[in-house]
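Student: Chain by chain, the residues:
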Amino acid sequence: MLQIIQPAQLAFPEPVEASVIAPYLFVSAAMFVIGLVGFLTRKNMIIMFLCTELMFQAAGLALIAFGRHHLGADGQTFVIFVLCVAAAEAAMALALVVLLFRHRESLGASAWKELNG
Amino acid sequence: MSLEVWSLLALIFLPAIVGVLIGLVKNEENAYRIALATTLALCVPAVGLLGAFDFSNASTSQFEHSIPWVPGLGLEFSIGMDSVSLLLILLSVLLGPIVVLASKTAITKDRRMYYAWLTVLQGAMVGVFAAQDLLLFYICFEFTLLPMFILIRKYGSTNRIAASTKFFLYTFTGSMMTLAGLMYVVWFVAQDAQLGRWTLDIAALTHYAGDMSLTEQGWVLAAMLAGFAVKVPLFPVHTWLPLAHTEAPTAGSVILAGVLLKLGTYGFYRFAVPLAPEAFFEYAPAIAILAIIGIIYAGLICWVQDDIKKLVAYSSVSHLGFCILGLTALNVTGFSGSILYMLSHGFSTGGLFLMIGFMYERYHTRDMNEVGGLASKMPVWATFMVFFAMASVGLPGLNGFPSELLCLISAFQSDAAWNAAGEPGAWGASLGPWFAVFAGTGMVIAAMYLLYMVGKICFGAYKEPADHHPHDELPTDLNTREIITLTPLAIGCVLFGLQPTLLLDAVSDPVNNTVRIVERANGIEPGEASPRLIINEHADDQANDHGGDSHD
Amino acid sequence: MMTSSLLNSMVSTVAAIAPDTAGNAAQPAAVGHGPSWVLLIPFLPFAGFLLNALYAAFGVKSKLPAWTTVGLLACSFIATLSMFMGYDGTPYTVQAFEWFSIHYGDKSFVANFSFYVDTLTIYWMLFVTGLATLIALYASEYMSHDVGQGYNRFFAAFALFVVSMSCLVMGDNLIMLYLGWEGVGLCSYLLIGYFYKKPSAVAAAKKAFIVNRIGDLGLALGVYLTFVHFGTVQYAELFASETLQSYMAAASHGDFGAIPGEAQWIALLLMIGAFGKSAQFPLYVWLPDAMEGPTPVSALIHAATMVTAGVYLIARMYPVFLVSENALPIVAWIGTITAFLAATIGMAQFDIKRIMAYSTVSQLGYMFAGLGFLTPTGGAYHVLTHAFFKALLFLCCGAVMHGFAGQLDLRKLSGLWKVKGWGIVSLGMLVGCINLAGVPFTAGYFSKDTILAEAFVTPGYAFLGWVLILTAGLTAYYTFRVFFRVFVGPVEYHPGDELHDHDHDHGHGEEHSHDAGQHGDHHADHFHPHAPGWAINTVLVVLTGCSILATGLYFVGADKDAHTKHYADTMVSASSASYHSHYGTHAFEYYEKDPEHYPQPGHGPRGSIDAPLAMPLTGGDPHKMMYYISGVVGVIGIALAWLLHYHGRTKASECKMDAIAKRFGPLPRWAENKWYVDELYHAIFVKPLRIISHVFHWVDKLLVDGIVNVFGFLPRVFAWIIRPSQSGVLQGYAVSMAGGLAILLFVVLIIVSRAGGAS
Amino acid sequence: MTEKLAILWPEIFLFIATCLVMITGQWPSRAIRQFTPWICATALVLAFFAAMTSPATQGMFPAIVPYAKMIIAAVGLLILLLLSGTVDRQLELDVDNGKPFQSIRSNRGEFYAFFMFSLTGLMLTASADDLIWLFLALELTSLPTYIMVAVSREEDSSLEAAVKYFFLGALGAAIFLYGFAMLYGATGSTNLNEIAAVFASDGISSIGMIGMLIAVIGVSFKIAAVPMHFYTPDVYQGAASPVSAMLAFVPKTAGFLALMFLLGTVGWGSGLGGGHLPIEIEATLWIMAALTMTVGNILALLQSSVKRILAYSSIAHSGYMLVGIIAGPGSDGGAFYQNGLAAVLFYLFTYGVMTVGTFAVLASLEHRNGREADHIDDIRGICKSHPVLGWTFVITVLSTLGFPPLLGFIGKLGLFSAGISAGHYALIVVLGINSAIAACYYLRLVAVAYIDDTEKTKDPVYTTPFIMRPLAGVLSAGGVILFMVFSGPIVDGALNAASYVAPVPADHHDEHHAEEEPRTDEVALLED
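Chains as they are written, first to last, in the numbering used here: chain A, 1186 to 1302; chain B, 1019 to 1570; chain C, 261 to 1019; chain D, 5 to 532.
It is worth saying that the hints were derived from the structure and are not from the lab.
Please note that a few of the clues may not be correct.
As a list, the in silico EDC-like pairs of lysine to aspartate or glutamate whose alpha-carbon atoms are at most 16 Å apart [claimed, not checked]:
(1) D/K388 <-> B/D1128
(2) B/K1127 <-> B/E1379
(3) C/K961 <-> B/D1324
(4) B/K1328 <-> C/D965
Computed Cβ-Cβ distance ranges for the label pairs, DEER-style [claimed, not checked]:
(5) D/P469 <-> C/F973: 42 to 50 Å
(6) D/T46 <-> B/N1177: 53 to 61 Å
(7) C/W958 <-> B/R1215: 47 to 55 Å
(8) D/D457 <-> C/W958: 27 to 35 Å
(9) C/W958 <-> B/A1180: 12 to 20 Å
(10) B/A1479 <-> C/F701: 45 to 53 Å
By construction, the Cβ of each residue, glycine as well, lies at the ideal position given by its N, Cα and C atoms.
All chains should be built: construct the whole structure from the sequences, respecting the hints.
Tutor: Take a look at the structure:
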């Protein structure tokens, strides 16, 4: 199915060297790590969720960089879907956080630790 | 399907169906009646099978039938029996009505569940012995755990929860390893160029498994030992048994001693030896040493017990050491003796457990310091007690003796250096006289602890627990029902003692076959003289050399 | 491959010619099948056992079991007699049914339930069944207190004993012998423990069984080794075996090096069994305690028959003993030690039944010494005479015990001869005593001399001979000590009570108190001894007669063709107990005839040939000299007993010996306490074993099971350790996840780098 | 395109039903509202039959689609039965009492819709042949379950469960997404078959390997493998029992299918003499499997909440199944006994049936105040008080334990033999020991429910009014027994589904497919 979008290649006549996309990948990796560290360290659930978004987008950035490297449209396509999913998750997350906030009057993740063991 | 196959199927499935029925009946008393009727009725097909069995062809599996089950795994519901299986099946079936009868007054609550599981257990035990498919064997082998677990956990005495859990988990853990080992054998055979298919047929596996390298066989043997040795139980993995025996209801103890322990020795005979013949040959002395340690160690422990049931339980450990010793000898006498032991041990030890059960019903204690001198109050009981104790001691003329004799002789024989006769099928592994000497001390120890028990409980001044109240339903001495329960066992003891040759003839073919498997795997040609004979021919010049060898 | 097939052919060749070579030997080669009525001998008593068991089951309350037993045993005796009469010199076997038969290849383990009849069998069975019949008759009266109670049980065990003994003696293979061996042990156990409410009886029974079991272990191992080495346990095949023949040949030249060690071990192992059953040092300790049983039991089992089983075993397996370098010397030494030790203890005892028990041990020592001195004839002959007179002695003691309410202390009985109704008992006692003391021209005298003389005939045993002669003197002393104290002298008696009480109602608690109330009667002055009735008297008369007539056996039954001198000699010499090899031939005679070819073993059982073959000190033919020496020694012993225990004695409890005994310091006390052997055994065997058992018990509980429990508990421990990771905090989970992944990937990195480095 | 469509009919049926139930669930008419589950059921049945006729696809697992979707539909039906009455209970009671129906309060529509979405996602996972597809399918499977957990009970604990599940799930998704990105980066394609072809021809580049590891680890969140397991017990306990049952089956199946597809690209042909995954992945999975089994089982020992026990047992079972994944499809792929993937596929079904049965019993019982049965004392003696439920519980628990001859045993047997055939003896020993540890707590459950004596409790449990729940249990128990006897077809199906076509190196691939495939695709496009 994805091969059909062959004409997209026309826009990028030359594949780029790996060294060209390397900075993008570094940024992507940095975003991923920042997201992860943020998720682990921040207590606020909204910020935690944003951190996961950051990780998603890190993946998106990597996909785009790789797509450029391979001269394929797959990467960009993937990113579009990732964005959609991220949006859906965001909607859910906000709904959930609001619900939780109503119950505990707190946005701290550590407010929820009844279930354990 | 022939009538025999139907009989065999009935032996396996009828108990299960009846078990469900018993669970559904309204009246608890009916549960007992149905169970009794069923177990008695099952004797009919069992005896029929005995009659139909062709003993001239005893080593081939007869009444075979197989129904595909899980073709992907090669699992078939494949049953049949050679004479060894037949005898063990008869033993299981015979014990059925006995244990049901013995439970009549002993079990007062939840009798439906009790008899249901007791009956189901019957079928499972028959299944183990009738299985011709490796996994079917394993399935039945494992399945027996559940009814027994329930019987102990629900109907045991004070420490029953710990006992049942230990019983189940210990044997289950071991047999998981066994499953792995067995599956390895199956996989190995499936790779065999000649066969080249995945099969669980025991006969086929037995045929090809000997091609495994010694290392492989060693691991397979270790895996099988993990399950079977625990079940037997072999020192040092025996500790579940005294606990389980002590806590189990009488019927449970009888079945446990009579049949369930034999699943382990049967596993040894049917799987560990033929599937890993070289490794078994190699490690037989080590296993035999464990068996002997068990004989002496457990025997001595018996001697200092206060709990009479624990005493008998430990005596099982000690006795089954002989059984394993016979197996490790890897010769005809050894296997014969061992199979005989499997059959006969249930009678004497089962009898002892029944005796203890009857006593417990009356005095509600198993502590030998609390009761004593019962011969004056219960002469019939005491007579049976002495009888079964003597059978257990291994008195010639009773059942313990032939098997013990053969097991010890086989250990003696089982050394090329000592065995002048040098006949095929005789020398087996490298055990030798010292094994027999040390194992033989078990005879003395058995006398010590059993007479200690008899002396304390039967003889001396009459003693009863301080809070003793006579049992409402039971007379002081044994009643007719109890005597009827004991009589078949007593007859069995005498019969096995005086006519072991019936059994020995019956198992002769399969045993010789098994020995051939071991010999072939270890490169011993039929009819090959042992080194000993050569020495005899030149006794003059080699005597001294030989003296050195024999003590190696 | 080549060698193996070659060997095969060799084996078959040997097998093919084996019967021929066996035929050359003097051993019974061709063994025929005998008439099946011979089976009646064991099976009639067995029927008796079954009937008695049925009586017990149905609670018969009459003397029916006694008459059943006596009748059937008598029939059995008659059958034995006709077996004796009909015996034509060829051993035969009679098979009852198959017992063991396992076949593999062309070999087999066969031990059938069949009986082997040769002269030794007949010799033994005659007195076994005969005495059993008599003693059963005696017991019918003796046990009459127990009619309806233990009576059935007693006779059931009694009959079963005879069955077992028959199997022991008549069995055609070692497994049958073992069956009988353990069977008599069981009956002994049951009968010693007959008064099962009495702790000492239960303990004695247990001790007897267990000590015997130790011996049985030796026997069993010997049997196994026999099978493993010779490939058979059947006498006929064993004695005809080529291997055994070749060993015999080697042994006859003193060439024990040519006989494999394990073949020599057989005898040593069997010997242990014999020591156990025949109460030889160090396994004799059970026999004195066994006197807890009813006296007929002591008489039959613990004096006349069962305890001679060891002698029978060695006699039966004599060829195997001959091929063992050390077995017979050990037998001789042990026999002598036992004889002397038991005699010293017997001298210091006061319980007349115990004295008889120790004298039995002592006399058994003689028999063993005889076997060791290469005279199975002497041993067997002494077995026979001893059976009669010792049974007689025991039955007399039993009568006393029965009549005097269980009194057995020789300090409390005196002058019974003069009490009305005790004449026959006293006479019987006298006859028994003169036999035991070896008064000249009694049966005991001749049979003991046969053994004693042989000690000097066989080189190397002279010392043992002197010890045995000394022992003979001691025997005479303690035997007549009993007689002079109890049966003659002033009339005085005190009834016993405790024993009587048990004798009377052995197992019925309800009646106990009732009986206890009557104790006063026994102690009262008007105690009337309960004189023996007709059954006891008849038996005593018959046995007295037999003991006297047994002397005659020394003069009849000689067989000129076989160069045997008397009945016992003839019977024993025609069996496997004979030895027709160079080695075994009577050394003295052989030397006389052919000194040139006398075997000169460097290390044979006979020690050095340099030993004088004439009687030491006195010179002359030991056989002739012994008539005088032992006669004199016996008389000295009796005279001492007369002097110390009869002369001038006015009370039952005091005599001259009491003063003399004090001069020996603690020795009499030690002897009375049996040299503390029981205590020693308890301290060095029982106690440590008990401690070990307790240790094992705790090891099992704590260590073996403990390890299992630890393994069972480990998962929980791990679970407790990692449980905090399930803290329930979201952040915690995330951190754990990330950390876990980091560790996981790190480990993988290490693994991969290792694997990469390796490849 | 039609080729793709041909295998997508089950998803299409489910999707249509999803759209319908969103509407019917909110319908004022009670009859129609209550008809909602029946729509789902119809769709599932249709999907089942549609899956049955699915044609073989091209790629690594040509025959997986029918089997996977059939078991999804079948177990989905059981779960559907179990879900009855989970939401809107109070609402319906109020309606019964005469209050007007307020659609704003009703959760029914979205609840069933989410359920159907999730199953759709699961089925899509089974049809996935592309990383994008796989990512979307996995997210479609997971996202609805977050909501279902949250709304399943009107208690704080379900919210807590949802928040943990959601956040950690998002984290997991981010991780495997990043892995996917790197896989794409390494191979230049998102098509799994093409990735496989590249790996086969060029070898696995280090970035590809890292991508694969990250993807595998991320996906292992779905199957609750250690160390991604932490959410499991809390979520299972917090969610209503029916939803827990669903969680035990749906994400796990998705995760294992995804793992199979991902690992299929690197293949099981590595190692000395073949038959192994690349060592990096094998080591990771090996450690993961061993830890997962062990941690799951030992932590279950300490629990007193049945749902937590089942959650930990669910973790442990993932560990067992990982053994099958490690073992791979076997050398010749011709037999069930050595095809670990077939064993996994079979075990997924087995586990689904058993676990739904167990949860069904819990779901069928509640306290007087409506609190659902959870504590181990709640099931004490239920064989006496509720024989049908009790026996269902005993049978399914014993089967989960792998007690012979029940279905679970046959499932475990496949894993055993596959592991042994692949030479992973140590792992099999770990598996064996873990089965024994597991026996400890399963036996406790059986003993409590069936064997032990019962005392009167202050707060006894009663059956819920929803007959479908016990029915689900009984069907499961019946299935355990039935498929124990007649497991042959399912085993064969699993074996067929697991047949694995090892990737062909790209140069070959190019010769064959690069010239032919696009052409057909273009034709297909033109025709569309």
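Student: Would you list, in rising numerical order, the hints stated earlier that this structure does not obey?
Tutor: Hints that this structure does not satisfy do not exist here, as all of them hold.
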